[in-house]
Each structure stands twice: as C-alpha cells, then as structure tokens.
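Same order as they appear, the protein sequences are chains V and R. Residues 0 to 336 (numbering that gives the first Met the number 0) are what the first sequence spells out, left to right. Residues 0 to 327 (numbering that gives the first Met the number 0) are what the second sequence spells out, left to right.
For the record, the hints were derived by calculation from the structure and aren't laboratory data. Ideal Cβ positions, reconstructed from N, Cα and C, are used throughout, including at glycine. Careful, some of the hints might be misleading.
[Claimed, not checked] Stretch-level coverage of chain V by chain R, calculated; a stretch enters the list once three of its residues show a Cβ under 8 Å from a Cβ in chain R: (1) 60 to 74; (2) 181 to 189; (3) 217 to 225; (4) 265 to 272.
[Unchecked claim] A few chain V residues facing chain R, derived, Cβ under 10 Å: (5) V87; (6) L194; (7) E275.
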Amino acid sequence: MQQPVLSVEQLNVSVQTTNGWCPIVRDLSIEVAAGETLCLVGESGCGKSLTALAIMRLLPRGARIDGGRIRLGGVDLAALDEPALRNVRGRDLAMIFQEPMTSLNPVMTIGEQITEGVQRHESVSSAAARARALELFNKVRIPDPQRRLAAYPHQLSGGMRQRVMIAMALACRPKLLLADEPTTALDVTIQAQILEMMAELRAEIGTAIVFITHDLGVVAEIADRVAVLYAGKIVEQTDVVSLFDNACHPYTRGLMRSIPRLSRQAGGAVVDRLTEIKGTVPAPTAVPAGCAFSPRCASATEQCAAEPFAEPLAPSHLVACWHPETATVTANAGGAR
Amino acid sequence: MTAVLEVDRLTKHFTFRRGLFGGEGAVRAVDGVTFSLAQGETLALVGESGCGKSTVARLVLRLTEPTSGTIHLRGEDVTRMAGEKLRRARRNVQLVFQDPFASLNPRMTARQIVAEPMINYGAVDDAAFGRRIETLFDCVGLARHQWDRFPHEFSGGQRQRLGIARALALNPAVLVADEPVAALDVSIQAQILNLLADLKRDLGLAYLFISHDLSVVEFISTTVAVMYLGTIVEIASRDAFFKNPRHPYARALLDSVPVTHPSRRGRRALLQGEIPSASALPSGCRFRTRCPMATAICAERLPPLEEKASGHRVACHHVERQTSAPAD
Chain V
0 MQQPVLSVEQ LNVSVQTTNG WCPIVRDLSI EVAAGETLCL VGESGCGKSL TALAIMRLLP
60 RGARIDGGRI RLGGVDLAAL DEPALRNVRG RDLAMIFQEP MTSLNPVMTI GEQITEGVQR
120 HESVSSAAAR ARALELFNKV RIPDPQRRLA AYPHQLSGGM RQRVMIAMAL ACRPKLLLAD
180 EPTTALDVTI QAQILEMMAE LRAEIGTAIV FITHDLGVVA EIADRVAVLY AGKIVEQTDV
240 VSLFDNACHP YTRGLMRSIP RLSRQAGGAV VDRLTEIKGT VPAPTAVPAG CAFSPRCASA
300 TEQCAAEPFA EPLAPSHLVA CWHPETATVT ANAGGAR
Chain R
0 MTAVLEVDRL TKHFTFRRGL FGGEGAVRAV DGVTFSLAQG ETLALVGESG CGKSTVARLV
60 LRLTEPTSGT IHLRGEDVTR MAGEKLRRAR RNVQLVFQDP FASLNPRMTA RQIVAEPMIN
120 YGAVDDAAFG RRIETLFDCV GLARHQWDRF PHEFSGGQRQ RLGIARALAL NPAVLVADEP
180 VAALDVSIQA QILNLLADLK RDLGLAYLFI SHDLSVVEFI STTVAVMYLG TIVEIASRDA
240 FFKNPRHPYA RALLDSVPVT HPSRRGRRAL LQGEIPSASA LPSGCRFRTR CPMATAICAE
300 RLPPLEEKAS GHRVACHHVE RQTSAPAD
C-alpha cells in the first residue's frame with residue numbers, strides 16, 4: 000500500500016460527564032491513502048463523529064483527546080497548537096457536515112465565503128479567487144454559478160447548500176476531506192446526485208476521504224474500505240466488497256440482515272419479517288466490559304467477558320471478535336439461503 | 000372489504016401575500032388527493048420533502064382544515080365535523096410521530112402517557128383500566144418495571160414503542176405513522192417495523208404510513224401511492240408497483256435508492272435538477288421540468304390519474320395503457 004495520507008493510531012477520546020471523563024472513542028486506528036474513501040459506519044453514540052472532530056482538532060469543550068497519534072502527511076495533528084492548526088485546516092484538511100446551514104455564515108454571500116478561505120491560505124488576487132470559486136461551482140454542478148456566487152445561504156435549497164459546502168471544502172485541494180453524514184438530510188434523488196459527484200471529484204483531485212455514515216446503502220455506493228464501529232471501538236475493518244460478501248463480526252452481520260432491501264435489488268420475494276438485533280446500543284457511560292456487543296450477541300460465550308483483539312482474518316480484514324462467523328452473509332430478502 | 004378511511008379530492012392550499020402590495024399567492028401543498036384504506040391494509044405515501052405527504056396526514060387527523068375535498072372515517076363524513084362529534088370520531092384515527100422524544104411529555108411517566116388518552120375519553124382508573132394498560136405495554140414489548148420511568152430514561156426504540164402504545168390506547172381503526180422509523184438507529188428500525196407488522200395483523204388495524212424510504216415501504220405496505228408536488232402520480236398494489244413502476248418519477252425514485260452491494264454501483268440514470276417550489280408550479284405536468292420523457296403536451300395539460308393496468312393508476316401522458324405487465 001502506498002504511504003497513507005492520514006494515519007490514526009490508538010486514538011482515545013473522552014467526554015466530561017457528571018461522574019468524570021467517560022471514554023467515547025477507544026483505541027481507534029485507521030489509515031487512508033490518497034484518492035481512497037474510508038467509511039466509518041456505526042449507530043448513534045458509537046463515536047464516529049467525535050473521531051472526525053478529533054482529527055480536525057475541533058472537539059467541543061468537554062471533550063478531549065486522551066492519547067494517540069493523528070498523522071496527516073507526516074505532521075502529527077494531535078501535537079499542533081492552534082495557530083499551526085489554522086494553517087492546516089482548510090488547506091490540507093477540510094470537513095463537511097450533515098446540515099450545511101449551520102456551517103455557512105448567513106450574512107455573507109456564498110462567493111465571499113469561498114474566496115475568503117482561498118485567500119486565507121494562498122496569496123492570490125480577489126479576481127483569481129473568484130475565478131477559482133466559479134470553476135468549483137461548475138465542478139459541483141451548481142446551475143447558473145455566476146448568479147449563485149452573489150446569493151446568501153438561505154436563498155439556496157438543502158442540496159445546493161451541500162454542493163456549496165463541498166466546493167468550499169475542496170477549494171484548496173485538501174489532502175483529506177472529512178464528510179460527516181453529508182447526505183443524510185437530503186432527499187434520495189439529491190443524495191444520489193451528491194454521491195456521484197463526490198466520487199468524480201475524488202478521482203479528479205485525489206483527495207482522501209473519511210466518510211461517516213449510518214447507512215449501509217451509502218457505504219455500498221461510495222466506500223473503498225470500511226471500518227464498523229460499535230460503542231467506540233472498531234469491530235471490523237476491511238475493503239467494501241469483502242464487507243458485503245463476507246462480514247465476519249456478528250454485529251456487522253446483524254446490521255446487514257436487519258436492513259430492509261428492495262426486492263428488485265436483492266432479488267427474490269419480499270420478506271415478511273426482518274431479522275432483528277435484540278436489545279439496544281449501550282449508553283457510553285454503561286459500556287459492558289469485555290466485548291461491548293456480547294450482551295446482544297447470539298454467539299457470545301464466557302470468553303467474551305475479555306476484550307477481543309482486532310485480529311486479521313485475511314490480509315487487511317480485521318475483526319475484533321472471539322467467535323467470528325465466516326460463512327457467506329445471508330441478506331434480508333434474497334441472497335443465498 | 001369496506002374502507003375505514005376514504006379521502007376524495009382532498010386539497011389544501013396555504014395562501015400568503017407577495018410583499019406589501021403584491022397579490023395573494025398560494026402554496027398548493029395538497030391538490031386533489033384521492034385514496035381509500037381498508038382494514039388490514041397499509042397505504043404508504045411516498046415522496047420527497049415538500050411533496051405534501053405530511054400535510055395529507057394532518058388533514059386526515061383534522062389537525063389542518065382542508066380547502067376542499069372530503070374525508071370519510073368508517074363511512075362517516077368527518078370533513079367539517081366539529082366539537083364533541085369530532086372528538087368522538089377522532090379516537091378512531093391516531094398518530095405515531097417521527098421523533099418519539101419530542102412527542103412525549105418529559106414530566107409524565109410511561110404509565111401516565113399511555114393512560115392519558117383513555118382518561119381524556121372518560122375511562123376511570125379501575126381494575127379493567129389497569130389490565131388494559133398492561134395489555135398495551137405487552138403489545139409493544141415494554142416490561143412492567145419500566146412503567147414508572149420517564150421518557151428520558153428510555154432509548155430511542157423504547158420511546159417509539161411507548162409512542163405506539165399511546166396511539167393504540169383508544170383502540171383506533173386507523174394508525175397514521177409519519178416516518179416512524181426515520182429517526183431510529185439501523186439496528187432498532189427492524190424491531191419497530193416488525194412490531195408494526197405484528198400489531199396490524201393481531202389488532203386488525205389499517206395504517207397510513209408516510210415514508211421517504213422505499214425499502215421500508217416495500218416491507219411494510221400493501222398499497223403504494225407516490226406523491227409529487229401535492230398530487231399522487233402513481234398508485235398501485237405493492238407488488239405491482241415494485242415489479243413494474245410506471246411513472247417516470249417513481250422509476251427515478253426507485254433508481255435513487257442506494258445499492259445493496261458495491262458491485263451494483265453506477266447502473267442507473269440519475270434524475271437531474273431539484274423539486275420546484277410549490278408556490279410556483281410548472282404548467283401542465285408538475286414533473287415535466289425534471290422528466291426525461293417530457294414533450295410539448297406535458298407543458299399544456301396536467302395528466303389525469305388514470306388506470307393503466309388493472310388497479311394500477313398513473314398520471315402521465317407517456318405511459319401507455321396495457322393489459323398485462325411486460326418484462327422490465
């Protein structure tokens with residue numbers, strides 16, 4: 000594998016509660032190469048968003064990095080001070096969020112917001128910055144770009160705002176783009192457009208992408224590699240095809256089985272019952288000892304009271320489970336039975 | 000089968016003034032929607048944000064006054080009903096919300112939340128009442144030791160169970176569910192969808208199920224109605240719809256659903272553009288601005304919702320009538 004753009008080693012993040020600091024992200028290690036998309040998948044509270052914010056060094060008050068290294072092209076972000084970080088963010092590192100309206104300035108035009116970022120990092124004239132903004136608007140397929148540069152955020156639809164955010168994030172051709180559920184708030188037809196556009200831009204610019212989502216359909220659309228998180232830990236990490244063909248962690252397999260699938264995509268008849276994962280995700284303050292998934296797991300034994308290590312089952316297929324399943328995945332509504 | 004809910008040419012226009020001296024404009028949120036729902040059926044209203052699906056739900060619940068059209072509940076016209084009569088009729092149609100937390104009173108215990116609708120309708124807290132509450136909690140899978148907890152002590156899935164128990168308290172004929180699993184975690188969605196399917200079968204309910212998620216709709220529904228800018232553009236039985244969607248918008252919507260395996264990427268034509276504003280509707284067919292099949296006639300005349308195959312109605316000038324479904 001080529002030199003990774005981003006390499007996170009043993010990242011630990013915790014948040015402050017009334018009973019002291021509570022670990023949210025535990026011993027997380029990931030690597031992403033140029034032009035590659037790594038999906039972080041998990042349910043609410045699994046620590047996927049805090050991981051992204053920790054990489055950005057934008058953790059809110061009351062959250063802290065307890066340890067670990069975050070290397071972006073040779074620089075340890077975890078060790079940088081705020082002025083140094085400001086030079087990195089926006090230039091080498093950019094982030095887009097689920098709700099673009101909360102990250103756009105409502106009293107500045109779209110054009111001003113894009114050129115501001117470009118001029119902050121590069122010594123270019125306003126005319127050149129404006130030309131760059133226009134070019135980006137064409138790339139993210141905003142119709143009538145000249146007029147849209149003068150628009151304010153509230154004058155745009157949700158889909159258009161997300162296009163603006165992506166244009167802004169890519170303005171300085173960053174090495175790494177962090178995308179936190181960027182299509183979750185959008186309608187499906189718009190989501191499909193945005194995902195297609197992101198895949199094209201990644202190929203063109205060669206940016207590495209960490210894409211956070213809870214939606215396995217989105218993973219199937221965009222990921223090269225996938226890391227599945229449960230209660231703050233990566234339970235399985237592999238390339239996207241083996242995740243869908245040969246998921247080994249009981250949690251991953253449970254997720255795969257529990258989502259309803261269109262019969263026209265999965266083949267076969269519509270099921271009359273979905274396969275459930277029993278129980279609920281534990282609260283971060285009450286994560287079970289040992290394997291956090293064991294209370295919900297059908298294969299759990301006494302051994303699961305001890306924390307499983309992330310073992311490679313195949314080259315580049317890591318699974319943290321004492322009893323990994325290895326038969327072919329049976330999906331809801333089709334697949335092998 | 001007799002219909003428990005019948006909606007005929009239901010219309011809701013919201014009016015507003017265009018500026019200080021401007022004339023009146025209207026947002027045609029719902030424009031002539033007709034459907035009926037029988038016991039044991041689940042009619043799914045599908046569409047993107049702004050298509051009017053939630054407004055239809057509010058109209059059916061009589062939370063919003065319709066501009067025109069009629070609503071019949073168990074054969075009774077409830078469209079203009081008011082006062083005590085409306086209150087009595089209303090117990091037959093109950094709502095399950097998208098966000099269970101926002102719809103549960105944080106200062107009430109689970110038991111109080113489920114008991115409240117019954118007390119509102121004159122029940123007294125006696126032994127039978129206690130048994131009824133026990134049955135309701137059993138139905139939705141909440142344990143006895145959870146009765147005295149407050150909403151914040153429950154997880155998202157449990158809160159939705161509580162919301163469902165409250166909706167069932169009055170023994171309604173129709174349950175309106177507005178995106179009931181959209182806010183839930185993936186591993187919890189399956190639990191709630193299974194629960195809704197079981198309850199419908201066991202209690203003989205009818206669901207008006209509002210969703211943007213076609214995979215969920217295929218699992219839960221018996222009939223599918225696709226809405227676009229306030230009108231139904233296609234309505235058919237679930238199997239007919241998913242085997243052979245006819246309206247170009249319905250096809251595009253299905254094509255936009257993310258793939259189930261990475262090997263299926265990129266096998267589709269994406270819909271271009273965005274949904275127009277409901278206050279400035281295109282002339283003729285409302286979908287024509289994004290439609291790959293649009294021709295001159297689409298700008299001139301609004302296509303009526305016509306039967307194109309048995310029980311399969313589509314509003315499109317370019318969909319031919321057929322007697323048997325072709326292989327797609």
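Do the hints match the structure? See the list:
Requiring three or more residues with a Cβ within less than 8 Å of a Cβ of chain R, the coverage given for the segment 60 to 74 of chain V is violated, as only 0 such residues are present. Counting residues of the segment 181 to 189 of chain V whose CB lies closer than 8 Å to any CB of chain R gives 4, which reaches the minimum of 3, so the coverage claim holds. Counting residues of the segment 217 to 225 of chain V whose beta carbon lies closer than 8 Å to any beta carbon of chain R gives 4, which reaches the threshold of three, so the coverage claim holds. Chain R is given as covering the segment 265 to 272 of chain V, and this holds because 5 residues of the stretch bring a CB closer than 8 Å to a CB of that chain, at least three being needed.
Here the hint on V87(V) is broken, as its CB sits about 32 Å from the closest CB of chain R, past 10 Å. Interface restraint check: L194(V) against chain R, minimum CB-CB distance 8 Å, threshold 10 Å, status holds. Taking 10 Å as the C-beta cut-off, the interface hint given for E275(V) holds, the closest approach to chain R being about 5 Å.
This entry does not satisfy hints 1, 5, going by the numbered hints stated previously.
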